[in-house]
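J.: Throw the hints in and build the complete structure from the sequences for me.
2 protein chains.
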Amino acid sequence: MNKSQLYKEIVKKSSFLCVGLDADSKKMPKPLVGNADAVFEFNRAIVDATAQYAVSYKPNLAFYEEMGECGWSVFARTVEYIRKNYPEQFIIADAKRGDIGNTSAMYARAFFDEMDVDAVTLAPYMGADSVKPFLDFEGKWAVILALTSNPSAADFELLKLEGGERVYERVLRTSKEWGSEDNTMYVVGATQAVELENIRKIVPGHFLLVPGVGAQGGSLEEVYKYGANSECGLLVNSSRGIIYASLDDDFAAKAADEAQKLQRQMSMLIHNS
Amino acid sequence: MNKSQLYKEIVKKSSFLCVGLDADSKKMPKPLVGNADAVFEFNRAIVDATAQYAVSYKPNLAFYEEMGECGWSVFARTVEYIRKNYPEQFIIADAKRGDIGNTSAMYARAFFDEMDVDAVTLAPYMGADSVKPFLDFEGKWAVILALTSNPSAADFELLKLEGGERVYERVLRTSKEWGSEDNTMYVVGATQAVELENIRKIVPGHFLLVPGVGAQGGSLEEVYKYGANSECGLLVNSSRGIIYASLDDDFAAKAADEAQKLQRQMSMLIHNS
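Sequences listed follow chains V and H, in order.
Letter 31 of the first sequence, counting from 1, is numbered 31 in the working numbering, and no numbers are missing.
One gets the working numbering by counting positions in the second sequence from 1 and adding 1000 to each.
No lab work stands behind these hints: they were computed from the structure.
Don't take every hint at face value.
[Said to hold, decoys possible] With a cut-off of at most 27 Å between alpha-carbon atoms, the simulated DSS-like pairs for lysine-lysine come out as follows:
1. V:K12 - V:K261
2. H:K1012 - H:K1140
3. H:K1132 - V:K27
4. V:K201 - V:K132
5. H:K1140 - V:K26
6. V:K26 - H:K1132
7. H:K1261 - H:K1027
8. V:K132 - H:K1026
9. V:K12 - V:K225
10. V:K132 - H:K1027
11. V:K160 - V:K201
12. V:K13 - V:K140
13. H:K1026 - V:K140
14. V:K3 - V:K84
15. V:K160 - H:K1160
16. H:K1027 - V:K140
17. V:K3 - V:K140
18. V:K160 - H:K1201
19. V:K254 - V:K30
20. V:K176 - H:K1160
21. V:K160 - H:K1176
22. H:K1160 - H:K1132
23. V:K160 - H:K1132
24. V:K176 - V:K8
25. H:K1201 - H:K1140
26. V:K261 - V:K8
27. V:K3 - V:K225
28. H:K1261 - H:K1013
29. H:K1084 - H:K1140
30. H:K1176 - H:K1225
31. H:K1176 - H:K1003
32. V:K201 - H:K1160
33. H:K1160 - V:K132
34. V:K254 - V:K26
[To be verified] Which bits of chain V does chain H cover? Going by a derived footprint, with three or more residues having C-beta under 8 Å, they are:
35. 55 to 63
36. 69 to 82
37. 103 to 117
38. 120 to 132
39. 142 to 150
40. 160 to 166
Beta carbons are placed, not taken as given, at the ideal position from N, Cα and C, and that holds for glycine.
T.: Structure (structure tokens):
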């Protein structure tokens, strides 16, 4: 999928919602407790309930790896289910990978050839050769960590370099030369909305993946005000606020309600801007 | 395992060799071609052939994930095999993970509870809360990327901050306060030997995991000269140079030869210093 195809989906659904499929196998809703394939069944129910309100799904690999050996199978079947039933959805493997060149190329094949996701999140610490192998796949995306939503983003990302530029700003300026607006996005936490204006000066046209609305305290209105561009340019992620809206029999319906609420707010922002 | 136990193993074997179990499923030696469980059988043969010369094994997750759904099972069985048959070995999951706090805690459980490795490599970009969850496990280690062996380490790791400190130096100074010498190591590439003297001023007592000897061009003598401390303080990794010494019937014997060569060099360095 390229940038204009993603924008078309956003317009069609009046939504830039990404649903984080971060199911904790130890925290399953009542009807799935004891089900041997609970996490896959949970994901399927959540996807079916929310797909009309979302343009993207983002499973975080940590939640699958924590299940042990079977975790990757649940991840793979979840991706396959979305791909088959909702082919318009943009699937992001939130994996935060990055290694030396030949090893990053193995990761790229793992996610793009074996799993067929659209995008993988990457940590930029090791520089160009840790990211570029992901840019060699037609229609696939590297989503590079820029300024994350967690408090300790300040430890390194916000440090000032000689000359006054901050580390995350240099990451944006350097890495935007590695690919294009059709294969590179950036992670910018919603808790960092005050930085979005500045970020838009550096990467005016790139898509931003914005986690941290809801559970982590970020504001959707602020993110849109300072982060949107003429082709939206945003995917805003919500995980716990949607998938864990209820742990009762109505978990899927309640997830749909929460996704719809966010989609309505997004629609208002899109149409009033 | 704590630092003094690791040092005891190094003394006992006169070796600080870590063998990188980075088997490419598409590059199997002749006797294993066509074997449905080739990578596990390969790992088992390599471990059996090299364990007497090594104190540590380091499977890189990229090579397992690239195999698709079955990869994590091969990884898990490899860890289990080493743990059971060579319990003295220090097992490092080279995964380069890192995420917001609650998600990093999931990764920590994945590697320490589900897989029972001794250590996980971590990318420091997201700061303290991406690393600290790994330090909550008694006897387990976080191996933090400091200065990596790849050419593009210069993109961000070597940038100068205001005041003249470089990014990787700040990573060392900040992160050494998060844990102790008994649960924190650093990755420093062998290609960066010129920086080792400087690194030892910042972290004199910590263990360093040093990849890049051999295929990537680093020198063992230089690494030892500038990187060793009074309790060795080094694990030097070799992957391709050992595991792919031969692709013929003699692959395990040739791997043993290469491991022994490195162990002998290491023994000389230890005993002549």
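J.: Please go over all the hints and tell whether each is borne out by the structure.
T.: Hints, one by one, checked against the model:
1. Only pairs whose Cα atoms come within 27 Å are accepted, and K12 of chain V paired with K261 of chain V is accepted, the gap being roughly 17 Å.
2. Between the alpha carbons of K1012 of chain H and K1140 of chain H the distance comes to roughly 21 Å, so the proposed pair stays at or under 27 Å and holds.
3. Annotation: proposed proximity of K1132 of chain H to K27 of chain V holds, straight-line Cα distance about 23 Å (limit 27 Å).
4. A C-alpha spacing of about 23 Å is found between K201 of chain V and K132 of chain V, which places the hinted pair at or below 27 Å, so the restraint holds.
5. At most 27 Å may separate the alpha-carbon atoms for a hinted pair to count; K1140 of chain H and K26 of chain V meet this at roughly 23 Å.
6. For a cut-off of 27 Å, the pair hint linking K26 of chain V to K1132 of chain H stands: about 22 Å separates their Cα positions.
7. Restraint check: the Cα-Cα separation between K1261 of chain H and K1027 of chain H comes to about 24 Å, which is no more than 27 Å; the hinted pair holds.
8. Restraint check for K132 of chain V and K1026 of chain H: satisfied, since their Cα atoms lie roughly 22 Å apart, inside the 27 Å limit.
9. A C-alpha spacing of about 21 Å is found between K12 of chain V and K225 of chain V, which places the hinted pair at or below 27 Å, so the restraint holds.
10. The suggested pairing of K132 of chain V with K1027 of chain H holds, with an alpha-carbon distance near 23 Å, which does not exceed 27 Å.
11. Using a Cα cut-off of 27 Å, the hinted pair K160 of chain V and K201 of chain V holds, with the two alpha carbons roughly 18 Å apart.
12. At most 27 Å may separate the alpha-carbon atoms for a hinted pair to count; K13 of chain V and K140 of chain V meet this at roughly 22 Å.
13. Between K1026 of chain H and K140 of chain V the alpha-carbon distance is near 23 Å, which keeps this suggested pair within the 27 Å criterion.
14. Our distance criterion of 27 Å between C-alpha atoms is met by K3 of chain V and K84 of chain V, whose separation comes to about 21 Å.
15. Proposed proximity of K160 of chain V and K1160 of chain H is supported: the alpha carbons are some 9 Å apart, at most 27 Å.
16. Note on K1027 of chain H and K140 of chain V: the hinted pairing holds, with a Cα-Cα distance of about 26 Å set against a maximum of 27 Å.
17. A C-alpha spacing of about 10 Å is found between K3 of chain V and K140 of chain V, which places the hinted pair at or below 27 Å, so the restraint holds.
18. Between K160 of chain V and K1201 of chain H the alpha-carbon distance is near 23 Å, which keeps this suggested pair within the 27 Å criterion.
19. Among the hinted pairs, K254 of chain V with K30 of chain V is consistent with the structure: their alpha-carbon atoms are about 14 Å apart, no more than 27 Å.
20. A hinted pair counts as satisfied when its Cα atoms are at most 27 Å apart, and K176 of chain V with K1160 of chain H qualifies at roughly 20 Å.
21. With a C-alpha separation of about 20 Å, the suggested pair K160 of chain V and K1176 of chain H falls inside the 27 Å cut-off, and the hint holds.
22. Between K1160 of chain H and K1132 of chain H the alpha-carbon distance is near 25 Å, which keeps this suggested pair within the 27 Å criterion.
23. Distance restraint check for K160 of chain V and K1132 of chain H: the Cα-Cα separation of roughly 24 Å lies within the 27 Å cut-off, and the hinted pair is therefore satisfied.
24. About 23 Å separates the Cα atoms of K176 of chain V and K8 of chain V, which keeps this hinted pair within 27 Å; it holds.
25. Between K1201 of chain H and K1140 of chain H the alpha-carbon distance is near 25 Å, which keeps this suggested pair within the 27 Å criterion.
26. Taking the CA atoms of K261 of chain V and K8 of chain V, the gap is about 21 Å. The hint holds against a cut of 27 Å.
27. The hinted pair formed by K3 of chain V and K225 of chain V meets the criterion: a straight-line CA distance of about 21 Å does not exceed 27 Å.
28. Simply put, K1261 of chain H and K1013 of chain H have alpha-carbon atoms about 13 Å apart, close enough for the 27 Å limit, and the pair holds.
29. For the suggested pair K1084 of chain H and K1140 of chain H, the alpha carbons sit about 17 Å apart, so the restraint of at most 27 Å is met.
30. Between the alpha carbons of K1176 of chain H and K1225 of chain H the distance comes to roughly 23 Å, so the proposed pair stays at or under 27 Å and holds.
31. Annotation: proposed proximity of K1176 of chain H to K1003 of chain H holds, straight-line Cα distance about 15 Å (limit 27 Å).
32. Using a Cα cut-off of 27 Å, the hinted pair K201 of chain V and K1160 of chain H holds, with the two alpha carbons roughly 23 Å apart.
33. About 24 Å separates the Cα atoms of K1160 of chain H and K132 of chain V, which keeps this hinted pair within 27 Å; it holds.
34. For a cut-off of 27 Å, the pair hint linking K254 of chain V to K26 of chain V stands: about 20 Å separates their Cα positions.
35. Only when three residues or more bring their CB closer than 8 Å to a CB of chain H does the claim for the region 55 to 63 of chain V stand; here the count is 3, and the claim holds.
36. For the region 69 to 82 of chain V, the assignment as covered by chain H holds, since 5 residues bring a beta-carbon within under 8 Å of that chain's beta-carbons and 3 suffice.
37. Counting residues of the region 103 to 117 of chain V whose beta-carbon sits less than 8 Å from any beta-carbon of chain H gives 9, enough to reach three: the coverage restraint holds.
38. Figure legend: the region 120 to 132 of chain V, annotated as covered by chain H; annotation consistent (8 residues with Cβ-Cβ distances under 8 Å, at least 3 required).
39. Coverage of the region 142 to 150 of chain V by chain H holds. Counting CB-CB distances below 8 Å, 4 residues qualify, and the rule asks for three or more.
40. Counting residues of the region 160 to 166 of chain V whose CB falls under 8 Å from any CB of chain H gives 4; the rule of at least 3 is met.
The earlier numbered hints are all upheld by this structure, with none contradicted.
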